Amino acid sequence: MIRTATPTINNRPLRCADFPTLAQALDYAAQGVTGYNFYDGRGRLQAALPYAELRQRARATAKRLHGLGLKGGERVALIAETCPEFMEFFYACQYGGFVPVPLPITINLGSRGSYIERLRRLLHSCSATAAMAPAEFLSFLQEAAAGLKLRLVGSPADFYALEEPAVELEPSGPDEIAYLQYTSGSTRFPRGVVITQQAVMANLAGIVGSGLAVRSGDRCVSWLPFYHDMGLVGFVLGPLASQLSVDYLGTRDFAMRPRQWLALLSNNRGTIAFAPPFGYDICARRVHRAEINRYDLSSWRVAGVGAETIHAETLARFADFMAPAGFDRHAFLPCYGLAESSLAVTFAALDQGMSVDHVDRRALESRMTASATAATSGHGERVRAFVNCGRPLPGHEVIVRDADYRALPYRHVGIVSVRGPSLMSGYFQDAASTRDALGPDGWLDTGDLGYLTEAGLFITGRCKDLIIVNGRNIWPQDMERLAEEQPEVRVGDVTAFVAPHPKGGEVVVMLVQCRLTENERRADLVNRLQRMTYSEFGIKCRIELVPPKTLPRTSSGKLSRSEARRRFIQRVGWNQPNEITAEAPKAAVSS
Amino acid sequence: MAEYRQILDRLYTHLRPMAPQGMTLEEDTDLISEFGLDSVNVMDLLLEVEEDFDISVPLNLLADIRTPKDLACAITRLLEAG
Chain A
1 MIRTATPTIN NRPLRCADFP TLAQALDYAA QGVTGYNFYD GRGRLQAALP YAELRQRARA
61 TAKRLHGLGL KGGERVALIA ETCPEFMEFF YACQYGGFVP VPLPITINLG SRGSYIERLR
121 RLLHSCSATA AMAPAEFLSF LQEAAAGLKL RLVGSPADFY ALEEPAVELE PSGPDEIAYL
181 QYTSGSTRFP RGVVITQQAV MANLAGIVGS GLAVRSGDRC VSWLPFYHDM GLVGFVLGPL
241 ASQLSVDYLG TRDFAMRPRQ WLALLSNNRG TIAFAPPFGY DICARRVHRA EINRYDLSSW
301 RVAGVGAETI HAETLARFAD FMAPAGFDRH AFLPCYGLAE SSLAVTFAAL DQGMSVDHVD
361 RRALESRMTA SATAATSGHG ERVRAFVNCG RPLPGHEVIV RDADYRALPY RHVGIVSVRG
421 PSLMSGYFQD AASTRDALGP DGWLDTGDLG YLTEAGLFIT GRCKDLIIVN GRNIWPQDME
481 RLAEEQPEVR VGDVTAFVAP HPKGGEVVVM LVQCRLTENE RRADLVNRLQ RMTYSEFGIK
541 CRIELVPPKT LPRTSSGKLS RSEARRRFIQ RVGWNQPNEI TAEAPKAAVS S
Chain B
1 MAEYRQILDR LYTHLRPMAP QGMTLEEDTD LISEFGLDSV NVMDLLLEVE EDFDISVPLN
61 LLADIRTPKD LACAITRLLE AG
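Residue numbers (the numbering used here), protein chains in the order written: chain A, 1 to 591; chain B, 1 to 82.
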């Protein structure tokens, strides 16, 4: 079926997410002519899905799910491929009063086993009663669901073959669950963020109304995965709730051919697109300078940045590189958020570009204070630069607290805490984790470190131990568990962390206490761990075997990642950027 | 229709520049643990394969590919499917 993309200009007045539920947002969007468009890796339009058609298809599928015997509130797990069927099933759940659960696609070379294991943990965690995968991913889902009691695990075609009974649909109400989001937990110990209709609508109203100030003529372009909060809330739900057209590129297609993102923005006169910093970075690295002239990025008014700690140099390099294509660096819009707050918490001011705060490194590291300093005095060694992520959305509050939950004054680094109508109700069927994150006073402890100034929020480190590589969040405890499962390794003998390499970039390090003495067996263990961390997490890491009882522990006897990291950096000499001589010690090393 | 052997040889021409020093490439070399491809190399490799053979390698196939042989077989099947 050849089609044209949905238009940018709608024939209905723009409403900024002022709806009680997602289903009502789609009811209104379906009166217009805008919608979702899907492109392949070579930039060809594969499918157009106007909101009007989406509503029809979603309602029909909702009835089929009813026919299957699903009850209101039951979970429907969806492999979140960038395709029209995901949209149809996600909104079918909205109309049918079911709870959609987007599942990730994390496939690397040789990773069948670990991917299936991950899906299985997720299906189990949300106790899904039905699950859908596009045909090409169905075998993974079926294997993952084997032995679990689901009513149907199928491709879209399997669901289309079901009866469509003439039931009266009961969409979920404002205080019912809109979806579960599984980005925040680790893969080994998944945590489903529970977001109600009113929470997500409050967040969407803030995002499109205030953060982006959406207006007629806006058009979104996105390659962000639908199983990530920025992709789902920011670029599936947000555009629909403000009746904007979106052009999608698959996530892997972007990773292989980043120029397609720029081409879509250029060809379709896109105005809003977001990416984590690494998205801008790979564009600057992999797009050829000679082809820049082919693009016209002058329509791109909001180039959002979030999801990772933002380094100003990365964005500056992208802006310099793309300037000949008409990219305006004032379009950069740093923001901060997390799935536990639906998506967004703070936005910088529009049309200002990024603003950077330079602070004294020593004061930051020794006293946790962010003392403003001149940008020029010995960059890198004595000065650290942080990007302003802006102010909270209307109706939301942000404070920075110390370990005893006392609010800290401006320019003191502490734990970022958030309060407001966008927050999750908790983690799905996990009261203990919910209590740890959500206080009785309504404050969410984000686990991220940062400081406030009169100008806004500055994030200095995300979630203390979380390892972030190329936009992927990796929990050190997941890597540690993987190693502990090897017969040669005991539980509690592994620590994983990320360390800055003096030549730039970061290296993921895993230290394993091990009693093996034979070189061959040591090498075998290191190779196996390398292969497994790659297939499970898609990263290469530096693995070192260290003698027993050499890893530092806390007073309570747990391994201390931060202390192990500090000692490691010192041992290999990475703390002295100008005099690197040391290569790793007498341990089996691979990197 | 290209033969498996020719496809494998063409695949080697893409892989060799990515080889660590002193590494010899065999049909059964594990691309990750032995050959040492990281996720960025994998993207580069797939891009080259897609351009060279004029195919599109679906993401789901990667889950079962560990060696040059696996990849060459997958390319052969994709070419046959046209």
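The hints are simulated quantities; they were obtained by calculation from the structure and are not laboratory data. Since the model is a prediction, treat every value here as computed from it, not as a measurement. No residue lacks a Cβ here, since even glycine has one placed at the ideal position from N, Cα and C. It cannot be assumed that every hint is accurate.
Quick look at which bits of chain B chain A covers, simulated, 3 or more residues with Cβ under 8 Å [said to hold, decoys possible]:
#1 6-15
#2 26-37
#3 43-55
On the chain A side, residues computed to face chain B include the following (Cβ under 7 Å) [claimed, not checked]:
#4 Gly110
#5 Ser111
#6 Leu138
#7 Ala255
#8 Met256
#9 Arg259
#10 Phe278
#11 Met354
#12 Asp357
#13 Arg361
#14 Arg362
#15 Asn527
#16 Gln530
#17 Tyr534
#18 Arg542
Going through the hints against the structure:
no.	hint	result
1	6-15	violated (count 0)
2	26-37	holds (count 7)
3	43-55	holds (count 4)
4	Gly110	holds, 4 Å
5	Ser111	holds, 5 Å
6	Leu138	violated, 9 Å
7	Ala255	holds, 5 Å
8	Met256	holds, 5 Å
9	Arg259	violated, 11 Å
10	Phe278	violated, 11 Å
11	Met354	violated, 26 Å
12	Asp357	violated, 31 Å
13	Arg361	violated, 30 Å
14	Arg362	violated, 35 Å
15	Asn527	holds, 5 Å
16	Gln530	holds, 5 Å
17	Tyr534	holds, 5 Å
18	Arg542	violated, 12 Å
This entry does not satisfy hints 1, 6, 9, 10, 11, 12, 13, 14, 18, going by the numbered hints stated previously.
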